[in-house]
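Undergrad: The chain contents come next:
Number of protein chains: 2
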Amino acid sequence: MAKLYVVGIGPGGLDNLTYKAANVIKKCEVVVGYKFYIELVKDIIVGKKIISTGMKGEIERCKLALQEVENGIDTCIISTGDPGLYGMAGLILELAGDIEVEVIPGVSAAFCAASELGAPIMHDFCTISLSDLLTPWEVIEKRLEAAASADFVIAIYNPKSRGRKIQIKRAIEIIRKYQNGEVPVGLVKNAGREGNDRKMVTLDTVDFEFIDMMTVVLIGNSKTYIKDGKIITPRGYNL
Amino acid sequence: MAKLYVVGIGPGGLDNLTYKAANVIKKCEVVVGYKFYIELVKDIIVGKKIISTGMKGEIERCKLALQEVENGIDTCIISTGDPGLYGMAGLILELAGDIEVEVIPGVSAAFCAASELGAPIMHDFCTISLSDLLTPWEVIEKRLEAAASADFVIAIYNPKSRGRKIQIKRAIEIIRKYQNGEVPVGLVKNAGREGNDRKMVTLDTVDFEFIDMMTVVLIGNSKTYIKDGKIITPRGYNL
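Residue numbers (full-length UniProt numbering), protein chains in the order written: chain W, 1 to 239; chain E, 1 to 239.
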């Protein structure tokens, strides 16, 4: 029986791929993905049938992948990061019917961004996407309030898009109601892949111009500090 | 100049290791880690100097690793999952002084557990550790309240230990104040490694006996459902 693999390729550079993800991609005859993701793995998919679609083509992409499996062909559909966090795993399972599906985890962008900044996460943390295409903005605001009020480290995904620029300012304002202006904030663009760039700022000095669609915004908790150019959230050891 | 690498080995099985993590481990002369973690990577560290310490030996382990680097030897210290989430990255950076440190991200247990359950995370989520060794229990309760009240998917790490058995019951009670008793809960023991086992239950039917130190408890949000033996949290696409 042919199978559909939903594969997390990690942040983008091939060296952050897991062995399992690489092996699954290599053994599938068909690789399905958003154009930009296909480009990231192009060196390991030479000679395969590639089905790539544009942005917002998620449902179409899933249906095309499922069709290949129905025709008896082992197929993988790739997501950057982990496919089970803002990725394709859920949608595939919603649409899969009788088709066997296996999800292959990957390194999500927040962890790669964190590793480039030092150790800003370390403790209880949450991820919040600012994309209000599929989620009402009121729900997103409520989550920002809850996370900041309980002193979580916060990783913001999708902080901006072409038509969505003010949400990140509003998000920082909300967090600022609960956290000190000195709390460190890391901005990491293209974590773990070409075009990688980063800035360390604070809640009061966020560089909104630097932030784009490809940026992860990592906001510390009340204990987070910067030392020798690294952001550190201590776990509480007595040193 | 010798360097210290803080390496995330993922959940445990070697196939969930990234290429980068494997390559760094292979090139280091010394590997430092908690005994159980060293065992997990034993096949790729043959012939190296191994420094392993027992549980709760975190500070000692870091100091031993830093000492090797001071002696001019490239060294890695390994964590399961991602070293920047409940791992060794923070402590190393707190103690490193002038020593150059690089953090290598890995797949954290929640993502591996999620992949085995289907797609329970998918949307905004948080991780909460129930270990009150380094964090006051009131802070943990506050985070549970905040996360559940804002409808986050919640991944609970360290739900139990030898001396700590009631916290997970209390945590489920708190979440139950905000969420329906039918909300799916996935219990995954030894995600991605030997001894792997799992159960799908609901907030009202959590099997507390099944949960041990090595279990990740994944609690859905108000939209999460079970279909054909998979837990799915939809992102909100109109299907």
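It should be emphasised that the hints constitute simulated quantities derived from the structure, not laboratory data.
Note that the structure is predicted; figures quoted are calculated from it, not measured.
Some clues are possibly wrong.
Identical copies look the same in the list; a pair holds intra-copy or inter-copy alike.
To be verified - Computed cross-link-like contacts, SDA-like style, restricted to lysine to any residue with a CA-CA straight-line distance of at most 25 Å:
hint, residue 1, residue 2
1, Lys49, Ile99
2, Lys49, Phe210
3, Lys35, Asp74
4, Lys26, Ser161
5, Lys26, Ile226
6, Lys27, Lys169
7, Lys42, Ala22
Undergrad: Evaluate each hint against the coordinates.
TA: The hints, checked one at a time:
In the homo-oligomer, the alpha carbons of Lys49 and Ile99 lie at most 25 Å apart inside one protomer (20 Å), although the nearest pairing across protomers, at 47 Å, exceeds that limit. In this assembly of identical chains, Lys49 and Phe210 lie within 25 Å of each other by CA distance neither inside one copy nor across copies; the values are 37 Å within and 44 Å between. For the homomeric pair Lys35 and Asp74, the shortest alpha-carbon distance inside one copy (20 Å) is at most 25 Å, but the shortest distance between copies (39 Å) is not. Taking the shortest alpha-carbon separations for Lys26 and Ser161, neither the intra-copy value of 33 Å nor the inter-copy value of 40 Å comes in at or below 25 Å.
Taking the shortest Cα distances, Lys26 and Ile226 never come within 25 Å of each other, neither inside one copy (42 Å) nor across copies (31 Å). For the identical chains of this complex, Lys27 and Lys169 are neighbours neither inside a copy (44 Å) nor across copies (44 Å), given an alpha-carbon limit of 25 Å. Taking the closest pair of Cα atoms, Lys42 and Ala22 come within 25 Å of each other both inside a single copy (12 Å) and across two copies (22 Å).
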